[in-house]
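Asker: Okay, here's what each chain looks like letter by letter:
There are 2 protein chains.
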Amino acid sequence: MAELVKVAVDAMGGDNAPVEIVKGAVEAVNESSHVKVFLVGGEEVVNTELAKYTYNKEQIEVVNASEVIATAEPPVMAIRKKKDSSLVKALYLVKDGTCDAYVSAGSTGATLVGGQLIVGRIRGVERPPLAPLIPTEKGCALLIDCGANVDARSSHLVQFAKMGSVYMEHVMGIKNPKVALVNIGAEEDKGNALVKETYPLLKNCPDINFVGNIEARDIPAGNADVIVCEAFVGNVILKMYEGVGGTLIKKVKAGMMTSLRSKIGAFLVKPALKETLKAFDLEQYGGAPMLGLNGLVVKTHGSSKAVEIKNSILQCITFTEQSINEKIKEKITMEES
Amino acid sequence: MAELVKVAVDAMGGDNAPVEIVKGAVEAVNESSHVKVFLVGGEEVVNTELAKYTYNKEQIEVVNASEVIATAEPPVMAIRKKKDSSLVKALYLVKDGTCDAYVSAGSTGATLVGGQLIVGRIRGVERPPLAPLIPTEKGCALLIDCGANVDARSSHLVQFAKMGSVYMEHVMGIKNPKVALVNIGAEEDKGNALVKETYPLLKNCPDINFVGNIEARDIPAGNADVIVCEAFVGNVILKMYEGVGGTLIKKVKAGMMTSLRSKIGAFLVKPALKETLKAFDLEQYGGAPMLGLNGLVVKTHGSSKAVEIKNSILQCITFTEQSINEKIKEKITMEES
Chain U
1 MAELVKVAVD AMGGDNAPVE IVKGAVEAVN ESSHVKVFLV GGEEVVNTEL AKYTYNKEQI
61 EVVNASEVIA TAEPPVMAIR KKKDSSLVKA LYLVKDGTCD AYVSAGSTGA TLVGGQLIVG
121 RIRGVERPPL APLIPTEKGC ALLIDCGANV DARSSHLVQF AKMGSVYMEH VMGIKNPKVA
181 LVNIGAEEDK GNALVKETYP LLKNCPDINF VGNIEARDIP AGNADVIVCE AFVGNVILKM
241 YEGVGGTLIK KVKAGMMTSL RSKIGAFLVK PALKETLKAF DLEQYGGAPM LGLNGLVVKT
301 HGSSKAVEIK NSILQCITFT EQSINEKIKE KITMEES
Chain H
1001 MAELVKVAVD AMGGDNAPVE IVKGAVEAVN ESSHVKVFLV GGEEVVNTEL AKYTYNKEQI
1061 EVVNASEVIA TAEPPVMAIR KKKDSSLVKA LYLVKDGTCD AYVSAGSTGA TLVGGQLIVG
1121 RIRGVERPPL APLIPTEKGC ALLIDCGANV DARSSHLVQF AKMGSVYMEH VMGIKNPKVA
1181 LVNIGAEEDK GNALVKETYP LLKNCPDINF VGNIEARDIP AGNADVIVCE AFVGNVILKM
1241 YEGVGGTLIK KVKAGMMTSL RSKIGAFLVK PALKETLKAF DLEQYGGAPM LGLNGLVVKT
1301 HGSSKAVEIK NSILQCITFT EQSINEKIKE KITMEES
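Sequence order for the protein chains is U and H.
Numbering follows my numbering, with no gaps: position 52 of the first sequence is 52.
Just remember that my numbering sits 1000 ahead of the position in the second sequence, which is counted from 1.
What the hints contain is simulated information worked out from the structure, not anything from laboratory work.
Some hints here could point you the wrong way.
In silico lysine to aspartate or glutamate, EDC-like type, Cα no more than 16 Å apart, as pairs [what the hints assert, rightly or not]: (1) U/Lys253 <-> H/Glu1275; (2) U/Lys83 <-> U/Glu73; (3) H/Lys1178 <-> H/Asp1151; (4) U/Lys251 <-> H/Glu1275; (5) H/Lys1253 <-> U/Glu73.
Model, not experiment: these values are computed from the prediction.
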């Protein structure tokens, strides 16, 4: 039997912790025999939750942590002070090699800071980006970076392109993934100082499939697989997905309730519509990996339910079994030589 | 009788020129006796189009222009070389005081460059922003800046906030409009160097109603009336509206066609849905004003039909009658003192 992939899960992070987190962990080990989950959190509450389920006891281990980091806490301070928090202890399990990966629905800031400070960067990686999958008409694309790395430099963006390509090719199975740079026009000479400097660097990168600039309008259409941008812009793109999507769905629902005729129609279209829109739901893709660290750090939505926790844990198996970090190391080193 | 508001319209600009542009001009003068339109373009083709309609001949004048600037042409070069183009001649009508305002569905780049080079900035205005109205759940908001001013400084953003406030209060009739700064978090200390520097400046601005940071997610919900950002981010926001909106509507339509049951439902909900979604259509609001110039420059969508041209022309009446530029001058000067 192959060695199990070991995942440290922050049992106390997120709006639905620990109930949904524990449930998701149980579902993950029941779905795959390749994984062992370390549930980090208040021993008593976690065990109470675990007692509700049937699962292979060898695949789940509880690690006690007496503190919890709240979403509103300043990240650096929280990481430094709360040494016995579930978030910090789970990250240390990756740092010391007990686990291969970490999953949390808790504080994004603390996860990003902790990922860098505790788990640490792969040698050569300048900045580890947070890279969520976003839905497109053709499937999904990797938006890299959405993290805390604002005011990025062009060399960072080149590394994002390389790391994103590795992820899309080996985790998502897209051969020779198309890499595009977010810009305000398609032409090479468009844009601000950062993208003007980055464009020729990406164009001359031999080991990625750079297809040029992409306007934000064409991202949801699925014209590229790896969407490269600095974190401020990435954050705006991700949140416009949520904002426009949410408002439009609300409008569609309200529109269907305006007359008796439309109400009957709504009743008839509802099941089909639900199915189609599910494919365009940001939350279906599980967590966003923070790439370029000595281990895998996955941040899932604060509102995650069991299914997202399960998917995030299962995603760690492919990542580890495909030796993504080894491949990232190779690509980054190639750049240096 | 009050003096007429005079609007120079680029009859040759946009995908549907000159047919829809001329039609829109006729519709505008037939709707309002307060406006005179100067249609700038090929005399012959414009007159042929005009011959199709009945309207008050004193309200439309044709100004011949033998050249046309294409969307793909490099803006600065086009403005310099094509002195007899409809776009350049129409801008000169504003420059020399013949007209109060300019409307074009033609090249955005050439309009932005021409607005600055030909019409010129109001004394004190550092950069004239392009500020489209975007739909929200509560009505609409002004997104300022979406123009060509990438790599903006904090002093520019403060001026955008002031000019946007004047526009929303006096053109859109929103009392004490709420001004928000686009950021990646709600807290004051979040963001990149530009927004961190801009936040305290806006906070200490006595003559605007600054409500703090806004995350992109909350823009479509209508949490603020004036959305301040630099042009790169503004462009991404505007185009994510188009991209996510377009893809979602496509998904909704496809979802409704998946079964016989849903097809019948679709037939029933269609009229109600169409009505509701119209209120969320970017194009309904007419053109985007370029603020801070010695005259009003309005850029409408390249795909504009007659109705948008008409709305853009009528928008110029309110702008001129409300002396928006005088009010902008006052607010900008106040800053300097």
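Asker: Next, verify each hint and record whether it holds.
Answerer: Going through the hints against the structure:
1. U/Lys253 <-> H/Glu1275: holds, 12 Å
2. U/Lys83 <-> U/Glu73: holds, 14 Å
3. H/Lys1178 <-> H/Asp1151: violated, 25 Å
4. U/Lys251 <-> H/Glu1275: Given pair U/Lys251, H/Glu1275 holds - Cα atoms ~10 Å apart, limit 16 Å.
5. H/Lys1253 <-> U/Glu73: violated, 43 Å
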